[in-house]
Amino acid sequence: EAGVTQFPSHSVIEKGQTVTLRCDPISGHDNLYWYRRVMGKEIKFLLHFVKESKQDESGMPNNRFLAERTGGTYSTLKVQPAELEDSGVYFCASSQDLGYTGELFFGEGSRLTVL
Amino acid sequence: AQSVTQPDIHITVSEGASLELRCNYSYGATPYLFWYVQSPGQGLQLLLKYFSGDTLVQGIKGFEAEFKRSQSSFNLRKPSVHWSDAAEYFCAVGLTGGGNKLTFGTGTQLKVEL
Chain A
1 EAGVTQFPSH SVIEKGQTVT LRCDPISGHD NLYWYRRVMG KEIKFLLHFV KESKQDESGM
61 PNNRFLAERT GGTYSTLKVQ PAELEDSGVY FCASSQDLGY TGELFFGEGS RLTVL
Chain B
1 AQSVTQPDIH ITVSEGASLE LRCNYSYGAT PYLFWYVQSP GQGLQLLLKY FSGDTLVQGI
61 KGFEAEFKRS QSSFNLRKPS VHWSDAAEYF CAVGLTGGGN KLTFGTGTQL KVEL
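Going line by line, the protein sequences match chains A and B.
Going by the numbering used here, the residue at position 90 of the first sequence is 90; the numbering climbs one at a time, nothing skipped.
Going by the numbering used here, the residue at position 20 of the second sequence is 20; the numbering climbs one at a time, nothing skipped.
Treat the hints with care, since some could be wrong.
Here are the computed lysine-lysine pairs in the DSS-like style, where the Cα-Cα straight-line distance is at most 30 Å [said to hold, decoys possible]:
#1 A:K51 x B:K111
#2 B:K101 x A:K41
#3 B:K61 x A:K44
#4 A:K78 x A:K51
#5 A:K41 x B:K61
#6 B:K49 x A:K41
#7 B:K111 x B:K68
#8 A:K54 x A:K78
#9 A:K54 x B:K101
#10 B:K101 x A:K44
#11 B:K111 x B:K61
#12 B:K101 x B:K61
#13 B:K101 x A:K51
#14 A:K54 x B:K49
No lab work stands behind these hints, which were simulated from the structure alone.
Work out the full structure, taking the sequences as your base and the hints as a guide.
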């Protein structure tokens, strides 16, 4: 069974440009999460989808970030326009249900560098 | 708001030595507690979790952790470290009814000397 896959693994862009990160969750997982780790700091929650609906987007930093999950399958996270402080590693995770199994399956992350 | 503290940013141990990684949390109720590991080039993998019951929990790869309510701690241990354990380790806390929304610590980078 394929795990959570993220693309690209690394993206380097100029300040002011746009970047779109993609996450493919494990097949059949209704719950999809985005987290971010800024260098040297903790991994922080960004948002949570249940199927195609945003369940919780309390961690989204500002309106330059737009997350979508069309059809309840893969998700994209767009940053437009990117700022220097957006640099970090963006993790996607998925889980099968909301019950507290704690079993979040994480992807390898997409490293974003904004110059 | 809940928080997680991992006081050790880097730890170096010799292969075969015992290991203890510290984790303290701040949360008003009994939390759900987790340890994740990220090996180079891989995603975060769940090592173990604590929800309730026995305060000593066993995980994968020979790791265990003990929940101590009085100390608000959930330290990770391994009796004998292998070189393949070199990785970054993250402690995390989940909220009751939080739907798998986790609060992570800053991580501890483990180096294993041969």
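Here's how the hints hold up against the structure:
| no. | hint | result |
| --- | --- | --- |
| 1 | A:K51 x B:K111 | violated, 39 Å |
| 2 | B:K101 x A:K41 | holds, 17 Å |
| 3 | B:K61 x A:K44 | holds, 26 Å |
| 4 | A:K78 x A:K51 | holds, 18 Å |
| 5 | A:K41 x B:K61 | holds, 26 Å |
| 6 | B:K49 x A:K41 | holds, 22 Å |
| 7 | B:K111 x B:K68 | holds, 26 Å |
| 8 | A:K54 x A:K78 | holds, 15 Å |
| 9 | A:K54 x B:K101 | holds, 13 Å |
| 10 | B:K101 x A:K44 | holds, 10 Å |
| 11 | B:K111 x B:K61 | holds, 16 Å |
| 12 | B:K101 x B:K61 | holds, 25 Å |
| 13 | B:K101 x A:K51 | holds, 16 Å |
| 14 | A:K54 x B:K49 | holds, 26 Å |
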